[in-house]
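From first to last, the protein sequence lines stand for chains A and B.
Per the working numbering, the very first residue in the first sequence carries number 1; after that it's consecutive.
Per the working numbering, the very first residue in the second sequence carries number 159; after that it's consecutive.
Since the hints were made in silico from the structure, they are not lab data.
These figures come from a predicted structure and were not determined experimentally.
Think of the CB as a built atom: it goes at the ideal place given N, C-alpha and C, for glycine as much as any other residue.
A portion of the hints provided could be inaccurate.
Said to hold, decoys possible - Within a straight-line C-alpha distance of at most 16 angstroms, the following computed EDC-like cross-link-like pairs (lysine to aspartate or glutamate) qualify:
(1) A:Lys71 / B:Asp178
(2) B:Lys160 / B:Asp202
(3) B:Lys196 / B:Asp180
(4) A:Lys147 / B:Asp205
(5) B:Lys187 / B:Glu213
(6) B:Lys194 / B:Asp221
Claimed, not checked - Residues of chain A placed beyond 12 angstroms of chain B at every Cβ, according to the derived structure:
(7) Val58
(8) Lys71
(9) Ile80
(10) Gln87
(11) Ala133
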Amino acid sequence: MGTLQVGGTTLGVKNTVTNKVDLSNVGDVTLTSSADIKGAINASGDAPIYACRAAAHVEFASDYSTQSVTKFLNVSSVTIQTADGDQYTVNFTTALPDAAYVAVVGSGRAWSANQRNMSVLVQGPEMTRSTSACQFGNVYANTGSEKMRTFNAAFFSE
Amino acid sequence: MKVIIYPENGTLSVCFPNPDLDINWVAQKDVPTGVKYKILNQSDLPDMSFHSAWEYDFTTDFDGVGA
């Protein structure tokens, strides 16, 4: 065991087995610019790192009526609208800092044998993009849209 | 599992809420302002293949209005 002290005050205790310092009694901790955050997450090299601020994963059952698996990270809901093809809106629980985020989507439609149709979600200027929500349009064979079976989206921002 | 439905551009939108959050809070936040919504069991939804043909009368039967 070791202790982390400042001005004679013990801020934390290091566990020599886990090599971690317990700072739970400190309250808010502000790291200095020299803190080795990249090293802590195994990010080598000079390229900067940016955070994923929100993400969603939803799996729908084969009849699209049930949602079997979900994972929402800073996402309050995912909404399906059908007014002009299928459009999916991701609503953020806490707003992102600005609307110039990177929206990464990897969604699609699973298939059974001999049905390898593909649906693609796109995020473009025709769809809503704000700090509170992001909308994706669904393109299917250039003629219509078809429900996603698997919905994945992640949002990166400074 | 509960879902939120509300009218939008002539059709019904289906909102799948984060199960870790209070669904009423999500409905108030994510349903457009002034729009009536209804909370349903997901199992009560019709076949999603015909989603664009769904209809629901919100005149008197609704659970709240988007904030």
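We went through each hint and held it up to the structure:
no.: 1; hint: A:Lys71 / B:Asp178; in the structure: holds, 10 angstroms
no.: 2; hint: B:Lys160 / B:Asp202; in the structure: holds, 9 angstroms
no.: 3; hint: B:Lys196 / B:Asp180; in the structure: holds, 15 angstroms
no.: 4; hint: A:Lys147 / B:Asp205; in the structure: holds, 12 angstroms
no.: 5; hint: B:Lys187 / B:Glu213; in the structure: violated, 23 angstroms
no.: 6; hint: B:Lys194 / B:Asp221; in the structure: holds, 7 angstroms
no.: 7; hint: Val58; in the structure: violated, 6 angstroms
no.: 8; hint: Lys71; in the structure: violated, 9 angstroms
no.: 9; hint: Ile80; in the structure: violated, 5 angstroms
no.: 10; hint: Gln87; in the structure: violated, 9 angstroms
no.: 11; hint: Ala133; in the structure: violated, 8 angstroms
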